[in-house]
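Please work from the sequences and hints to get the whole structure.
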Amino acid sequence: MAIHIDPDKCNGCGLCIPACPFGLIEVVADKAQVGEGCTLCGAYQEACEYDAIIIEVEEKAAPSDRFRGVWVFAEQRDGQLKSAAYELLAKGRELANTLGTELCAVCFGHDVAGLEELIHYGADKVYLADDPVFADCQEDLYAGRLASLISEHEPEILLAPATSLGRSFIPRVAAILETGLTADCTALEIDEKSRLLLQTRPTFGGNIMATITCQTRRPQMATVRPHVFRKGVPDEKRRGEIIRVDFDREAVTSRTKLLHFVADLSERVKLEDADVIVAGGRGLGEAENFQLLAELADVLGAALASSRPPVDDGWIPYPHQIGQTGKTVCPKLYIACGISGAAQHLAGMQTSDVIVAINEDANAPIFEVATYGIVGDLFQVVPLLTGKLRDARL
Amino acid sequence: MNVVVCIKQVPGTTEVEIDPKTNTLIREGVKSILNPFDVYALEEGVRIKEQHGGKVTAISMGPPQAEEALREAIAAGADEAILLSDGAFAGSDTLATSFVLAKACTKIADYDLIICGRQTIDGDTGQVGPELAENLGIPFVAYVSKIEEIKDGRMRVRRMIEEGYEVIEMSLPGVITVVKEINVPRLPSLRGMAKARSAQIPIWTAQGLGVPMEKVGLLGSPTRVIGIFRPQRTRRGELLQGSLEQQVEELVDKLRQAKTV
Chain A
0 MAIHIDPDKC NGCGLCIPAC PFGLIEVVAD KAQVGEGCTL CGAYQEACEY
50 DAIIIEVEEK AAPSDRFRGV WVFAEQRDGQ LKSAAYELLA KGRELANTLG
100 TELCAVCFGH DVAGLEELIH YGADKVYLAD DPVFADCQED LYAGRLASLI
150 SEHEPEILLA PATSLGRSFI PRVAAILETG LTADCTALEI DEKSRLLLQT
200 RPTFGGNIMA TITCQTRRPQ MATVRPHVFR KGVPDEKRRG EIIRVDFDRE
250 AVTSRTKLLH FVADLSERVK LEDADVIVAG GRGLGEAENF QLLAELADVL
300 GAALASSRPP VDDGWIPYPH QIGQTGKTVC PKLYIACGIS GAAQHLAGMQ
350 TSDVIVAINE DANAPIFEVA TYGIVGDLFQ VVPLLTGKLR DARL
Chain B
0 MNVVVCIKQV PGTTEVEIDP KTNTLIREGV KSILNPFDVY ALEEGVRIKE
50 QHGGKVTAIS MGPPQAEEAL REAIAAGADE AILLSDGAFA GSDTLATSFV
100 LAKACTKIAD YDLIICGRQT IDGDTGQVGP ELAENLGIPF VAYVSKIEEI
150 KDGRMRVRRM IEEGYEVIEM SLPGVITVVK EINVPRLPSL RGMAKARSAQ
200 IPIWTAQGLG VPMEKVGLLG SPTRVIGIFR PQRTRRGELL QGSLEQQVEE
250 LVDKLRQAKT V
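Residue numbers (numbering that gives the first Met the number 0), protein chains in the order written: chain A, 0 to 393; chain B, 0 to 260.
Check before you lean on any hint, since a few could be wrong.
Think about it this way: if two alpha-carbon atoms lie no more than 25 Å apart in a straight line, the pair counts; the simulated PhoX-like pairs of lysine-lysine are [claimed, not checked]:
1) K269(A) - K145(B)
2) K269(A) - K124(A)
3) K269(A) - K258(B)
4) K256(A) - K150(B)
5) K256(A) - K179(B)
6) K253(B) - K331(A)
7) K179(B) - K253(B)
8) K145(B) - K256(A)
9) K214(B) - K106(B)
10) K387(A) - K253(B)
11) K269(A) - K48(B)
12) K331(A) - K258(B)
13) K30(A) - K30(B)
14) K258(B) - K387(A)
15) K81(A) - K230(A)
16) K106(B) - K230(A)
17) K230(A) - K387(A)
18) K54(B) - K106(B)
Quick caveat, the hints were computed from the structure, so don't treat them as lab data.
Nothing here was measured: the structure is a model prediction, and the numbers come from that model.
Below, the structure is given as structure tokens:
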């Protein structure tokens with residue numbers, strides 16, 4: 000594949016410059032030049048009135064049909080499967096059904112509880128590598144073993160959670176297998192004609208969505224942030240197979256060693272699991288004012304969260320941050336106080352069931368995603384709300 | 000300790016618009032900047048050099064104008080900078096980019112540590128760091144919030160995870176990606192800025208790096224962007240009316256009806 004600009008036809012008019020979605024075209028010495036990062040999207044080809052832009056598409060033949068099956072990496076911690084595993088299984092089941100193929104879960108750990116649940120939630124097979132060395136998340140070992148399992152069984156799709164573990168070791172698996180990986184997908188669909196996985200993800204901090212395919216290499220790999228997809232309804236009658244796979248300890252050594260773990264205890268309620276979240280933004284003005292939100296959170300039994308500015312200013316620790324570079328949550332109720340709603344923040348909470356926005360600025364983008372909005376001073380509204388809810392409880 | 004810091008030049012804003020006629024991004028008037036997360040990577044590299052000696056080399060794969068970002072890196076304390084630039088790199092995705100960076104690190108040869116920012120603000124993937132480590136066959140730790148100790152070819156770091164942080168020991172050479180909690184970057188010094196202006200920044204091309212064409216650019220990139228669009232905000236929000244008191248009352252009623260409280 001290549002892009003050519005025909006020097007005889009190009010007159011350096013520059014029409015193609017604004018047409019490039021990535022701003023990669025320059026006119027040098029009266030001829031257009033394409034810089035790095037071109038995805039061959041063809042947008043500027045259409046803009047050229049002189050047919051000077053030629054895109055040669057000579058993709059290698061589609062990968063062999065032997066790649067079949069959808070795989071989900073089921074992450075565990077301390078022997079407990081993470082909820083992201085079930086969410087990915089729900090989506091994976093859907094994709095596998097469309098493709099008419101099997102859905103397999105892969106789990107690495109030691110004495111992991113509830114593996115049959117992976118089957119109840121949709122897996123046909125569970126590949127399990129159980130070894131005491133896997134009790135801690137050992138990325139060197141994980142990357143090597145997952146890559147070798149994939150090479151052996153040749154699935155066409157692998158879905159993994161975009162957790163700190165997944166975002167760290169899944170790219171290494173992609174590099175070993177020399178295949179494509181799309182991070183933080185928010186929509187996954189099959190193009191039935193080509194069997195290709197259409198992977199849609201936010202980019203530019205959530206301001207733009209891009210749809211990405213991996214055409215010639217397999218598996219097609221994607222990570223998905225927790226809580227982006229919903230888990231399905233378990234079916235305890237579903238039958239499947241748990242297949243133990245070996246792990247050759249002699250063959251690999253880990254070059255990193257976990258010395259110890261320090262838990263963050265500042266959260267009273269775990270954000271990711273909270274049904275109700277009260278979040279504050281720049282509008283709070285100063286660290287002390289989080290106390291106002293803490294009182295509201297208390298009444299609701301809610302977890303306390305934040306947009307990025309309060310974290311940047313040190314009002315509240317990073318684990319409370321929701322958004323593109325923080326956590327993704329999907330509670331039943333999300334109350335945003337003094338949060339304007341930058342795309343980066345919305346990316347982390349817009350799938351919540353009910354969103355309440357309290358902000359002084361009626362034009363704040365948070366109101367575009369809010370179920371209910373109150374335009375007003377949060378320092379008046381929040382205490383009123385806390386009071387009303389407290390009265391309602393009594 | 001010789002440190003290589005990988006940086007990227009990115010658009011200065013993420014507030015980009017799509018032209019409704021061409022369905023492409025409008026880029027005019029958008030200034031390029033050094034990826035904000037890379038500033039922390041550079042600062043950490045400079046701090047390591049100050050403590051342990053050695054040098055900091057900034058590298059970037061990009062078009063010729065990415066040289067500006069490398070000059071910023073020198074102003075921020077890097078000793079030298081190398082631009083990896085070639086028409087053949089055009090269209091590289093994270094896998095192809097990490098392959099070029101790995102080739103450059105191999106050519107630099109005497110490095111002990113490679114530092115990247117956690118992710119860029121344009122692509123947001125965070126994949127280049129781990130893919131680079133794998134291509135080089137060296138250990139990797141993501142989301143480092145503190146380097147606790149570097150001693151005898153080993154490094155002890157804090158790595159942020161959802162539940163708190165882990166203390167991990169890794170052997171060197173290795174690759175880490177850093178989060179902004181790791182340091183507070185200093186402002187560029189006058190001396191640094193003067194040095195940045197006059198610095199010679201060599202350009203390494205595909206040939207100079209010895210990268211086979213099928214490993215870079217479009218041929219070396221498994222992924223393709225097939226379309227872009229503006230996210231739909233489909234929720235039809237309801238702005239409550241009346242006095243604040245009435246609004247709060249109505250809100251509580253609605254939430255109770257919906258059984259959310």
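(message) Under the constraints set out in the numbered hints, which ones does this structure not fulfil?
(response) The structure breaks hints 2, 7, 11, 16 and 17; every other hint is satisfied.
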